[in-house]
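Novice: Residue strings, one per chain:
There are 2 protein chains.
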Amino acid sequence: MEKLEVKSSTHEYKIMIGEGVRYTLHQYLTKKYSSILIITDDKVAKLHLDAVKESLANEKVYVSIIPAGEQSKNIDVFYQLHTDAIQYGLDRQSLVIALGGGVVGDLAGFVAATYMRGIDFIQVPTTILAHDSSVGGKVAINHELGKNMIGNFNSPVAVIYDVETLSTLSDIEIRSGYAELVKEALISNESTFNQLMNIRLNEISKDELKKHLSFGIKVKAKIVEEDENESGVRKYLNLGHTLGHAIEAELSYGKLTHGEAVAIGLLFALYVSNKEFEVDLPLESLLTWFKNNDYPLDIRECTSKKLVERMKSDKKATNKKIQMVLLEKVGKPTVKDFDDEVIDSYLQSFMEKVIR
Amino acid sequence: MEKLEVKSSTHEYKIMIGEGVRYTLHQYLTKKYSSILIITDDKVAKLHLDAVKESLANEKVYVSIIPAGEQSKNIDVFYQLHTDAIQYGLDRQSLVIALGGGVVGDLAGFVAATYMRGIDFIQVPTTILAHDSSVGGKVAINHELGKNMIGNFNSPVAVIYDVETLSTLSDIEIRSGYAELVKEALISNESTFNQLMNIRLNEISKDELKKHLSFGIKVKAKIVEEDENESGVRKYLNLGHTLGHAIEAELSYGKLTHGEAVAIGLLFALYVSNKEFEVDLPLESLLTWFKNNDYPLDIRECTSKKLVERMKSDKKATNKKIQMVLLEKVGKPTVKDFDDEVIDSYLQSFMEKVIR
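Residue numbers (UniProt numbering), protein chains in the order written: chain A, 1 to 356; chain B, 1 to 356.
Simulated from the structure, these hints should not be mistaken for lab results.
Don't take every hint at face value.
Which copy is meant is left open, because identical chains are indistinguishable; a pair holds if it fits in one copy or across any two.
Said to hold, decoys possible - In silico SDA-like cross-links for lysine to any residue, where the CA-CA straight-line distance does not exceed 20 Å: (1) 53 to 285; (2) 321 to 34; (3) 222 to 276; (4) 353 to 26; (5) 218 to 9; (6) 329 to 286.
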């Protein structure tokens, strides 16, 4: 089992990565809680809820199950979870456990952050993608007009990552998760990026997966320790996300997974970087790798104009300038503001020439 | 003008109390904001919005106006304000100004706390009651099942208190505000409490009011500096609030003002304290003072059983025990947990004998 520690602005917390840790969850409760609410989705519940409940047999445990999928990350489900928490009688000494992927983690984390002005929560991620969202304290729900627009910075008291739960992942979920791992390699480490470009996702071994996850979490943890509230280096983690979020919102969440949308965003970030800095980033090899691994790259039902509109209302935008994370080279990210027209023109040629 | 400073866990902020400060608001902007959203209600807008906008003539200013009253502190208005903020193009460098009473302050503060995971906000309180809510960083909206159940701790970057705006307050609002001032005296200072018992609210002078406000804010500021997240002494500020919140919720918010409900809660706290500690707190003189100043004390449409149910789901409750702030003597608060039946029996006799 691997153990990492992250310092947030309010407290330190442990990240445990290992096989079967979901069966020993009770060991990681840092204090006696008056009650525990497990928030999970209907898909994950079928697979892992019993094990987690068993591990908490000596606790007063309640469960709320939401429909799986990004659509659940909305204000109505958020309010319903508050209703559940009140009706179950959760108090300020209660704990929320987020059992699931990024959607469950973001949503349950935001419920915990706002229930009675904040109670403890633990992340139990069950997807590869959630290695990213479960660390760093970003919790949120979506607004119809933008992804993650309503939220807080609120770090969990622990992250319990059972890699066994990843064996049930679908190909789509593996793809989605690996897009973020590729991103973490792109912003930090060329040799890891090159290693990733040499794997095929349908042949990946458990040990490789564990190694990649641990790599991704370390990149993430290091950055959020340095800049929790995203005033500086944390922005680099948004590589691929400006366009990625816009695509997700424009397709109204769920048509592409988060990671799949980010994959297209990564290609666009490399494309723009090449143009802006006159460099030669591995756009072609990344494109090939995405194709070989069946990433869907077709966004023809979106217009560049609408995507630019979405990008303008992104959280990273300032004074309505679109902010993009670019790469001067692999491992060297930077941030740049753009006028709409510039991005629109880049996006049109990108959609016509690169991913068509 | 009086100037106070409060240290929150994240930053220090100033509280300015003076006449006409709403005209000079721009002086208290601590940095250049990309845009400003003033959130206010339809009553306050008519009286003070123009002055505030004028003072911000050199800024990019947007306005959202909500219906006056506690009913606006709900999830729908919260979401609508996020919609406004997105549509106005607010970004992470924007500022929210809460211009109004406690409802506007709590709601706008929570919108600011959650918009793109948090942007700056300034409190510009326009009621006496809001001297309490504008300091200390408690922001929230109500859930149908409980007051202030969904919220954050998030301190403003400044509190600008223009006492001139208080001259337009109705009798009800003056009563509501003074209930919190009486509470602050009860938990901290017997001689101020005695002074308050000698005034009549319809004869109060501007200077007296300023003195009382400044007293109340100092009591509040001292306590929240010591215990921002309410793990200890901050609980004392809830004197009268366990029953007060239950009454407000049971009458479905707005029938009694917050302060009027707290007034009944204060009487109940003194009543229970007298029984529990066998002391002789000034219950009779406070009751007389409330009656002389036209506080509505009739809650016969509530049953003790339902109120006890509400108290059990209060945020201060732990393990479903009802927690009440009591007084060993004036100026010496303490916290005690109760079983339902005990509170129910106290409440029945209180409703029959004291406030009937």
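Novice: All hints are to be evaluated individually against the structure, with a verdict given for each.
Specialist: Here's how the hints hold up against the structure:
no.: 1; hint: 53 to 285; in the structure: neither (45 Å within a copy, 55 Å between copies)
no.: 2; hint: 321 to 34; in the structure: between (47 Å within a copy, 11 Å between copies)
no.: 3; hint: 222 to 276; in the structure: neither (28 Å within a copy, 54 Å between copies)
no.: 4; hint: 353 to 26; in the structure: neither (53 Å within a copy, 50 Å between copies)
no.: 5; hint: 218 to 9; in the structure: within (18 Å within a copy, 28 Å between copies)
no.: 6; hint: 329 to 286; in the structure: within (14 Å within a copy, 73 Å between copies)
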